[in-house]
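Engineer: Here is what each chain is made of, one letter per residue.
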Amino acid sequence: MRQRRVTNAVPYMSFLPGQHADLPPVNGNGHPNSPLSAVRIVVRGTVQGVGFRPFVYRLARDCHLAGRVRNAITGVWIELEGDKANLSRFQDRLVSEAPPAAEIDEMNVEPIVALGCSAFTIDPSDPSAPPRVRLPRDLATCPNCRRELFDPANRRRDYPFTNCTDCGPRYSIITAMPYDRPYTVMRLFTMCEPCDGEYHTPDDRRFHAQPNACSSCGPQVALWDRDGRTTADPDGALKATAELLRQGKIVALKGLGGFQLLVRADESAAVARLRQRKSRPSKPLAVMTPTLEMAESLATIGPLERRLLTSARNPIVLLESSALRPSSLLAPEVAPKVGTLGLFLPTTPLHHLLLADLKLPIVATSGNLSEEPIVTDEREALQRLGGIADAFLVHNRPIVRRVDDSVLRVIAGRATMIRLARGYAPQPLPALERMVVSKAEAAAADPCLPILAAGGHQKSAVALWSGTQALLAQHVGDLDGPDTRASLDKAARDMYLLYQFDPAAVACDLHPDYFTTPWAFAQGKPVVQVQHHHAHAVSCMVENDLLDREVLALTWDGTGFGPDGTIWGGEVMQARWDGYERVGSLLPFPLPGGEAAIKHPGRVAFGLFLVLLGEEVALRDQHLHQHLGLTPNEARLLATMVRRGVQTPWTSSVGRLFDAVAALVLGAREVTYEGEAAIWLEAVADPAETGSYPLPLVPADACPKAPGDRSIPRADWRPLLTALREDIERDVDVRVVAARFHNTLAQWGAAAARQSPLGDVVLSGGCFQNRLLTERAIEAIAATGKRVHVHDLVPPGDGGLAAGQLAVAMASFLPSQKR
Amino acid sequence: MTTDWREDDLVQLAHGEGAGLTRRLIREVLLEAFDNEFLRPLSDGAVLPHFNGQLVMSTDSYVVSPLFFPGGDIGKLAVHGTVNDLLVSGAEPLYLSLGLIIEEGLPLDLLRRIVHSIREGAAVCQVHVVTGDTKVVPRGIADSLFANTTGVGRLRPGVDLGAHRLRPGDKLLLSGTIGDHGITILAAREGLELGDGVQSDTGSLHEFINGLFAEGIDVHFLRDPTRGGLSAVAHEVLEAASLTVVLDEQAIPVHPAVREACGVLGLDPVYLANEGKLVAIVAAADADRALACLRRQPGGEQAAIVGELTSQSPAQVLSRGRSGAMRVLDEPRGALLPRIC
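Protein chains in written order, with our numbering: chain A, 351 to 1169; chain B, 4 to 344.
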């Protein structure tokens, strides 16, 4: 027998249906002259929890093949025997007809000895080795289930937990791999006879749907008051909830990955009450509409945005305020001042039923106090959300894993991840996996040992290399509070259990006061500290498969710890996954009061003017003080702080420059969340404006006051600030001024690209959540002939930091000699 | 120092050499101020009367720049600092030693003012300065004047204070506003202009503490939140008792001008030093009485219950903000750098 092993690696293309790469034909035949043969196909990727085994079962039967399929930790194993032509047909259709939520990363086919089976069976799962398959994500209700939900004749009419192999809870209910009912919280519910029948009927769309349930055997809802007393039973709970919402009450709803706070979106007083109780004065609130049609009545929705909204991943999609249509269905309090509105469609049958009854858009925001993690447990909800919600719509299906709603924004024609969570996390990093495996193969060594990357401090999320998989996990949140910190710790432990690994090293940031830094050191493992902006750059390289080269990285964000004693955030770097060189930055400026200044953009602006004008002139300029909202005392205090170096770090941050310009252009006085001033500035900018301001590159010693590295050229913002102020004093339209500022930064990026010998430019850091800036930068840099790469499913902000930290740490542990 | 002083008006190296100038300095500046039966013999040691009970002893050195600041000076600080340490240890303070290391060239007049302050402070606390030492060092070797005081007191009978007495549920009381001293010193040193009315709180805690004991409050733990502020006390409790400390940000009294200055400086008053404030941790049942008692004392009008101990795990120091959301009060590792992304 000729033993030939055929392996086909199919790179993951897209989560959208119908875009799988075509496979070359596979010849796995051990008996060239025999019409009968047998093969084993191992499929890796997101192939569990997406109806893959039932699909394989039906396909094998269609193709007249015998054999078996099972979920193993190494992937889905399919063993087939039958006619050669049928085997080949099976393999083609396995790829072309795969279920919509399936993602095939890799498929290995090898001939085996015929099994002598007469039928095709689904075998029990094998939980023996470290998992190599992707964890399935939670999927929003599919059209078929939705139809049944409102079908008077259907037995699942009005049942809020209906699901099938195409939809339903996955990641939020899994306790262990592989994905099978006994390893989910659904083990708590014994299927009734009809459900069990569906589960075992190959032609049923609930065939092996692990969370399969109905009203007689599955989870149930209940409506509670603030004291946890049931005020409505399963039959009446939804009607009663809808009624409360109609009255403008705030309801805490136990969703898929955690509690959400709901309130009708069309009533100013109701939305204002939610804001006040949640201590969230101005950050925009997400809105859920019953239907796509209603969403379209609120805003102009582009084709990609529509596809995202209606996808099974069900993210919140940020739409531009310019796209908003005047509507009485949205109170202005939903997204005051801001440039975007977050919209999404119902996630679960529970949401569908509630919103269909209401026929109104509702605010659906994370069920937490500001800055705390979302609540997942009903008793905890009573305690922590008792001061916010008037009632609690709860159910008895436990949430294993806290997962917020994902947030995306279409930037430069791509879906850009803002918050990686439900439906997307854990996000595979296949390019990093391939790189590590190929390095190991080249060195004839074992691949890198498992590593955990702890992420940053705000918008934190961990990433991991389990030894077989590289992943970026879900958003955890800002690590100022004890519960978020516990959440991060729990998320890391959860990953160890799910992927069955023990990290040999932990990666974190260089910042001594990020919670993740001491946390990483407390793990008792070697620690790799990765510079903040290097991590940003590499996170973008990971996503764009650029680990094999050196790139020019523009890493622009709010603040990150710089090894030269200044706060970085407007960096130009030559980056590799194993190192970087800082080749330029914004000219540093003082940040009197540190974080306090960040919350008061006028102070950041005054810090710039103290450098630009000198203390004496800046202090005399009462017009400036007024403009920036500073009292004379405050101005004097700030000046002394800068002169004496009291509580005044210096920074090269583009994010902070945005703050200062927002203060100057818009009179932004106080911000309540990071990036708020920059968001306002983007919102007012006129995209038709093409002018810009001077931002020349100067030698580092051009500003003797500025501390930090003196060996690199700096972008001198002083001429920019002078010109911008002149525009303001000449009453140039703020929309024009704001746009010119964006254009200026884009042109700096292009100038840096032009001067660089490198062919690839990556854009990373929180500033590239700004659509106008990103699109302008892409245009300007592409015009220099360089290839521009931006983020996609790894967030450009600190939510993606761990992915970069992970890759840098892996590079430092590679078996081969480093470059 | 300024150059307007005549040579005779300045402390000279000879003042420390043990000869006539030294004796004159001691007699005219120090003895005059502290005259009492124990010090008067000017022998090498003070012989103190016998008493029943346990002895409590505490020492502290004082280096502050500038020497004089709104609300106090290094002398006042040197008395109250050590006496307060005795008081929070459960002692009734009795005696103090005073060591001065003076930089050559310090104007004698300033020295007199400082010594006067020490005398006034000692009188307020009813302690006697019973022994002392003076050294003069060449210019540049010290910064104007360093002081050391060691205090001796008698443990109040039946009083048992310390981390071993802390229990979940215990309440944490503060005798008044925090941050006044820290912000005053920072402002004086850096030339920051603050709003009106901010001055150091340097002063004695004896009235607060006498009051609590007289009232029969079940006091478990006392501290004066000096360097590191309220946060440092909370972290001390955390480490010593492995209990979570929950502070209520809203309840912590802060002088409006201090709050405003902190707002611009980016400082949190909980980290700032105080020199006349008391942190008392008492049994929950006695908290309200303890509060009423603190408020009755002069300077205690703004006393407040600012936190409690819980058995929450992991044990940490938490601060409940305006929204009710908790944040962890970290001990800063060096200067707090911005973390906002």
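Treat the hints with care, as some may be off.
Partial selection, computed: residues in chain B whose CB lies under 8 Å from chain A [as the list claims (entries may be wrong)]: (1) Val267; (2) Pro301; (3) Met329.
Coverage of chain A stretches by chain B, computed from C-beta distances (three or more under 8 Å per stretch; other residues unrestricted) [claimed, not checked]: (4) 525-532; (5) 717-723; (6) 926-936; (7) 1134-1146.
FYI, nobody ran anything at the bench for these hints, they're computed from the structure. Positions of the beta carbon are idealized from the N, C-alpha and C atoms, including for glycine.
Engineer: Okay, the region 525-532 of chain A and chain B, do three or more residues pass the C-beta test at under 8 Å?
Structural biologist: With 0 residues close enough to chain B, the hint is violated.
Engineer: For the restraint on Met329/B, tell me whether the closest CB of chain A is nearer than 8 Å.
Structural biologist: The hint holds - Met329/B has a Cβ within 8 Å of chain A, the shortest such distance being about 5 Å.
Engineer: Establish whether the coverage given for the region 1134-1146 of chain A by chain B is satisfied; the threshold is a Cβ-Cβ distance below 8 Å, and no fewer than three residues must meet it.
Structural biologist: Coverage by chain B is violated here, the residue count being 0 at a Cβ distance below 8 Å.
Engineer: Verify the interface restraint on Pro301/B: the C-beta must sit less than 8 Å from at least one C-beta of chain A.
Structural biologist: 31 Å, violated
Engineer: How about the region 926-936 of chain A: do at least three of its residues have a C-beta closer than 8 Å to a C-beta of chain B?
Structural biologist: violated (count 0)
Engineer: Under 8 Å is the threshold here; is the Cβ of Val267/B close enough to any Cβ of chain A for the hint to stand?
Structural biologist: Given a least distance of 5 Å, the restraint on Val267/B holds.
Engineer: How about the region 717-723 of chain A: do at least three of its residues have a C-beta closer than 8 Å to a C-beta of chain B?
Structural biologist: holds (count 4)
Hint compliance for this structure: hints 2, 4, 6 and 7 are not met, and every other hint is.
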